[in-house]
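Residues -31 to -1, 1 to 84 (mature numbering (1 follows the signal peptide of the UniProt record, and there is no 0)) are what the sequence shown spells out, left to right.
Among these hints, one or two may not hold up.
[As the list claims (entries may be wrong)] Ranges between beta-carbon positions, derived for each pair:
no.	residue 1	residue 2	range
1	W60	G31	16 to 22 Å
2	G66	N42	16 to 22 Å
3	F62	G31	15 to 21 Å
4	G33	V56	28 to 34 Å
5	T22	G58	26 to 32 Å
6	N57	A14	30 to 36 Å
7	C84	S23	26 to 32 Å
8	G24	R69	17 to 23 Å
9	F62	D13	27 to 33 Å
[Stated by the list, open to error] Derived pair list, reagent style DMTMM-like, types lysine to aspartate or glutamate, alpha-carbon separation capped at 25 Å:
no.	residue 1	residue 2
10	K11	D72
11	K11	D34
12	K11	D21
13	K11	D30
14	K11	D61
15	K11	E78
No lab work stands behind these hints, which were simulated from the structure alone. As the structure is a prediction and not an experimental result, all values here were calculated from the model. Built from N, CA and C at the ideal position, the CB exists for glycine as well.
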Amino acid sequence: MQLLKKHVTRTTVALALGIGALIGGSSTASAADVHPQYVTYKCDAGRACVYDTSGGVWNMDGCGDNYIYGRFNYARAHGNSFTVYYVNGTWDFVSAGGQRTLDGNNYVERVQVHC
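All chains, please: the whole structure from these sequences, using the hints.
Written as structure tokens, this is what we have:
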């Protein structure tokens, strides 16, 4: 029951974030500026993933910058390599097919997927 409750909560959060992005998105953004990304409970195939400190997993797809803000403590590359950039100017690199721990005490400002 606890697992079901956790899954429903995460799904609700992911839907709310998606709806908020659609409603509150910038009117000057083009379709080329949007990278498909979502929060779920696992890292999906072909995605660049960062695990937040509260248990959610950001799945990112597409080359280039994915602007996210939060604290993440683990990363996994199910596809291309990527670089995690922190607000204090430091960064961590994750090789293609690799995984590593991240600085969970530092805030991430973006993830750049290399293609």
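| field | Numbers of unmet hints, in rising order | value | Structure breaks hints 4, 5, 9.
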